[in-house]
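A.B. asks: Chain by chain, the residues run as shown.
Number of protein chains: 2
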Amino acid sequence: MFITMALSSSAVIHNHMNINMKRFNMVRVHQELTLEIPKSKRPNRATHLAESICNVLHRSPSRSIDLLRYHEEKLSTPTMSPREDISQKWRQIHGCSNWENILDPLHPCLRREILKYGEFAQATYDAFDYDSLSQYCGSCRYNRNKLFQKLGLSRNGYAVTKYIYAMSHIDLPRWLERSLVADTWSRDSNWIGYVAVSDEQETRRIGRRDIAVAWRGTVAPCEWYEDFQRKLDPIGKKGAKVEHGFLSIYTSKSDTTRYNKSSASDQVMKEITKLVKFYEQKGEEVSVTITGHSLGGALALLNAYETAYKVPNNVPISVISFGAPRVGNITFKQELEEMGVKTLRVVVKQDWVHRMPGLVFNEAFKVFDEITSLEWVYTHVGAELKLDVGTSPYLKGGGMNLSGFHSLETYLHLVDGYLSSETPFRNEAKRDVALVNKYCDMLVDELRIPQCWYQLANKGLVCNDHGRWVKPKRDPDDIPSHHDDPLVPDETQTYMMTLVSS
Amino acid sequence: MFITMALSSSAVIHNHMNINMKRFNMVRVHQELTLEIPKSKRPNRATHLAESICNVLHRSPSRSIDLLRYHEEKLSTPTMSPREDISQKWRQIHGCSNWENILDPLHPCLRREILKYGEFAQATYDAFDYDSLSQYCGSCRYNRNKLFQKLGLSRNGYAVTKYIYAMSHIDLPRWLERSLVADTWSRDSNWIGYVAVSDEQETRRIGRRDIAVAWRGTVAPCEWYEDFQRKLDPIGKKGAKVEHGFLSIYTSKSDTTRYNKSSASDQVMKEITKLVKFYEQKGEEVSVTITGHSLGGALALLNAYETAYKVPNNVPISVISFGAPRVGNITFKQELEEMGVKTLRVVVKQDWVHRMPGLVFNEAFKVFDEITSLEWVYTHVGAELKLDVGTSPYLKGGGMNLSGFHSLETYLHLVDGYLSSETPFRNEAKRDVALVNKYCDMLVDELRIPQCWYQLANKGLVCNDHGRWVKPKRDPDDIPSHHDDPLVPDETQTYMMTLVSS
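As given, the protein sequences belong to chains V and B, one line each in that order.
Position 273 of the first sequence, counting from 1, maps to 345 under my numbering, and the rest follow consecutively.
Position 371 of the second sequence, counting from 1, maps to 443 under my numbering, and the rest follow consecutively.
Calculated from the structure, these hints are not laboratory results.
Treat each hint with caution, since some may be false.
It does not matter which identical chain is meant; a pair holds if it fits inside one copy or across any two.
Simulated pairs of lysine-lysine, DSSO-like, Cα-Cα distance not exceeding 27 Å [claimed, not checked]:
1. 346 x 325
2. 218 x 303
3. 222 x 161
4. 545 x 421
5. 309 x 545
6. 458 x 531
7. 333 x 502
8. 234 x 421
9. 303 x 468
10. 468 x 543
11. 218 x 421
12. 346 x 545
13. 531 x 310
14. 310 x 543
15. 222 x 531
16. 545 x 468
17. 325 x 234
18. 502 x 531
19. 325 x 421
20. 545 x 354
21. 346 x 333
22. 502 x 349
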């Protein structure tokens, strides 16, 4: 009944919603206040309240109608939640105590930061040019100054300073996106991520200058993990070994390419080192936070390992990864821990990728030390935040929707709805549910959100003045350039100042 | 080499193209002048000239480069060719002599008119709401006053006066597009076509007031034609029989529906009769031209049959159908001919739909009169213009691309390129080649036109002011209405005057 009314009369919706919004806002305020400094794992009163509301949802004989009503009411509330000052507690949020006591229940400020970095990783998908008929297939569709603005992320408080490109000397199945066009921007390289730095306002809010690195992933194909024992390559000097495909992407370079005369590793380390030096010289506190989904999460860990080697000890380094596979053996894990790299792995119970490689032999074989210490046993690193598709009333839980369970947007939705391992989906979750279906089919049908909806009008063709449908030339601003930003040291400073104050 | 230059320097393209355009324009002018009044089937000098240019294309060792060059040059030429005055020869173009001597070679003015009506039929696909998550699935996305403008057809010189809706009492496989939403505009009916009338300027150009009817098709499923002998239903009073599925769509009605309290037949006949009467009372010469593709072509024939019964004899009635199946038996064909209905069937050799139903027993069994005169033998009607996918250098000819061979845009492309059965593809064809791939994958890869590119940005979702992706409500103007235009006879006149003079 409500639905029919809602669709026929916006005035009715408005009144109805005002009432509901008031009720919800009261719940929200209460909830966030009491959750602000979680003192125990026992669900508190606000959680109980949220739980009871959710239970109404789950138990209602007309659950789908209720769900739809909740969803329609939310359509007129802003997705952005207020961002609190975390300058006094950023070290906890950044993992200095391995996120102990703030994961379950999840501290609201940590949830907000996980989502921030998750959206940095999501941007590497949303801006990627997958179009094999485009001359620029495999690049980013926008230049770094436009990236966040084009993706609706301009309020995130960061500025992109550098794009990273990668190639691989190993023929990795289904990795490289390549243009079918003869005169392509690059035959060998793909855009693989970027470096960004917090601006003045965000730096004040988060209590330090944060250098964020986001790595693009792909669906990590199982073929990569076959014969996993033979495919570990050494890294560092202490016997650490890592999956050879990830390492190849991270370190491959070739003089015959345009974009990988230096490797992704060289490019990102040059930028991180430059930025750390620049801000430390200004006397600022600096952190490095590296993020990525799937393969991107693996690259993030390699990047963190290298950063820990090459950047002074006092710079805190964290990794926040989503659905990332295992990367290396137990020595790799131990080295990371010794060097103080903090890793938060966000995983979805139903997703398979984070169980790879090492599906059989892995760190879980705690009773057999003689096995898990073997150099070919893949081992996860750091703390885990485990999400469950079944907790969200918006998601289809059944079946083997592998791409849906692995999709980063599914992860971000579940993070947004996560209160604790014992409570149902957070009623006050503000993130737009529709985003989940961008590249998959995970939302319940009642929501009427089309599957895989993230697409260009007419696949990018536009009708020109002569009435002909053509692929428009890319804005010259957005054509990738393989030249480094031509900066001499003195200019660098001015350039960075402009960047971070803009 | 040229390609690289073209993409790197628009000035080079421009110069290059000016030279080529002059050459092409000379060819075009010459060709159209000499083809103006075709005197015989022997290819004339202009055709030879065009042929030799095309042969360069076909024989070149780097055919794909040449093709791409031609294509890129055309991207800056208008798609609209000049429309000549046909007021003195419209009866021939309209089929009064069964298109004898103007089909092979094809008279340029007839080609232009075939394309005009073909685009009327194409509009029924392009404006149709296929989205099962839309409340208005199965309707036209725009109201009738906006239809041509929204589809870039506003210069066609016609105004839409009426939308037609259809239902079927027979459960026809894969026919009805139906919304999954509860509160849909209609559970039973689909938008099936429209009536349009020529405006003053077009009426002067074509020598009479033309009432055009366009019928929407669908891929006609083979299931409809199983047991074809048993599925012929009688029509008229002289033993004519027609396929029962087509007739059901054309004639079904139900008081319990919103849009089919009267049948498609009732709706369209009421409108045609009204318009004929109105313009005849004004002393104007009037014609009726009915078009449709696939199932739409079948409905066009049923509509022409009924119009011939109900409209005064002196009104010329033509059908121009594209890829239409057979509709009825030999008596149906004979009756149409006796009543003076002229039918031009455009067919593509590689398409299968026009061979249905009656794949085995049909009018081709001329030697067995005792078979073809049987009441269950399906029989094609009228003149045929036969096109061949193999003649176009732009199309992939091989394989069994059934949807591509049947696609109306493939038909229109081949009509645009058709000179005669003995000459290669018309070099001066101006229609945008990219249109072919709207709903299929028929263009050679070198053209870099994506397959099935006709799609909405983000499947129609837009980001609202709150940052949420929503399906916007349809413009109230474009919501279908099941009420007849509330016209009393006196108002009708004013209304029509406004319409045709606008």
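A.B. asks: Now tell me, hint by hint, if it's right for this structure.
C.D. replies: Against the structure, the hints come out as follows:
Taking identical chains as interchangeable, the C-alpha atoms of residue 346 and residue 325 lie at most 27 Å apart only when both belong to the same chain, with a minimum of 21 Å there against 75 Å between chains. In this assembly of identical chains, residue 218 and residue 303 lie within 27 Å of each other by CA distance neither inside one copy nor across copies; the values are 39 Å within and 62 Å between. For a Cα distance limit of 27 Å, the shortest separation of residue 222 from residue 161 qualifies neither inside one copy, at 31 Å, nor across copies, at 56 Å. With identical chains, the CA atoms of residue 545 and residue 421 are never at most 27 Å apart, being 43 Å at best within one copy and 37 Å at best between copies.
When the C-alpha separation of residue 309 and residue 545 is checked against a cutoff of 27 Å, the pair qualifies neither within a copy, at 48 Å, nor between copies, at 62 Å. For the homomeric pair residue 458 and residue 531, neither the shortest alpha-carbon distance inside one copy (37 Å) nor that between copies (32 Å) is at most 27 Å. In this assembly of identical chains, the alpha carbons of residue 333 and residue 502 never lie at most 27 Å apart, being 44 Å within a copy and 46 Å across copies at closest. Taking the shortest alpha-carbon separations for residue 234 and residue 421, neither the intra-copy value of 34 Å nor the inter-copy value of 56 Å comes in at or below 27 Å.
Taking the shortest Cα distances, residue 303 and residue 468 never come within 27 Å of each other, neither inside one copy (36 Å) nor across copies (43 Å). Taking the shortest Cα distances, residue 468 and residue 543 sit within 27 Å of each other only across copies (21 Å), while inside one copy they are farther apart (37 Å). Taking the shortest alpha-carbon separations for residue 218 and residue 421, neither the intra-copy value of 35 Å nor the inter-copy value of 51 Å comes in at or below 27 Å. Neither within a single protomer nor between protomers do residue 346 and residue 545 lie at most 27 Å apart by alpha-carbon distance, with minima of 34 Å and 50 Å respectively.
For the homomeric pair residue 531 and residue 310, neither the shortest alpha-carbon distance inside one copy (50 Å) nor that between copies (52 Å) is at most 27 Å. In this assembly of identical chains, the alpha carbons of residue 310 and residue 543 never lie at most 27 Å apart, being 52 Å within a copy and 56 Å across copies at closest. Proximity of residue 222 to residue 531 under the C-alpha cut-off of 27 Å is found in both arrangements, the shortest distances being 18 Å within a copy and 19 Å between copies. In the homo-oligomer, the alpha carbons of residue 545 and residue 468 lie at most 27 Å apart only across protomers (26 Å), although the nearest pairing inside one protomer, at 40 Å, exceeds that limit.
In this assembly of identical chains, residue 325 and residue 234 lie within 27 Å of each other by CA distance solely inside one copy; the values are 18 Å within and 65 Å between copies. In this assembly of identical chains, the alpha carbons of residue 502 and residue 531 lie at most 27 Å apart only when taken from different copies (23 Å versus 30 Å within one copy). For the homomeric pair residue 325 and residue 421, neither the shortest alpha-carbon distance inside one copy (36 Å) nor that between copies (53 Å) is at most 27 Å. In this assembly of identical chains, the alpha carbons of residue 545 and residue 354 never lie at most 27 Å apart, being 42 Å within a copy and 53 Å across copies at closest.
In this assembly of identical chains, residue 346 and residue 333 lie within 27 Å of each other by CA distance solely inside one copy; the values are 19 Å within and 75 Å between copies. For the identical chains of this complex, residue 502 and residue 349 are neighbours neither inside a copy (38 Å) nor across copies (61 Å), given an alpha-carbon limit of 27 Å.
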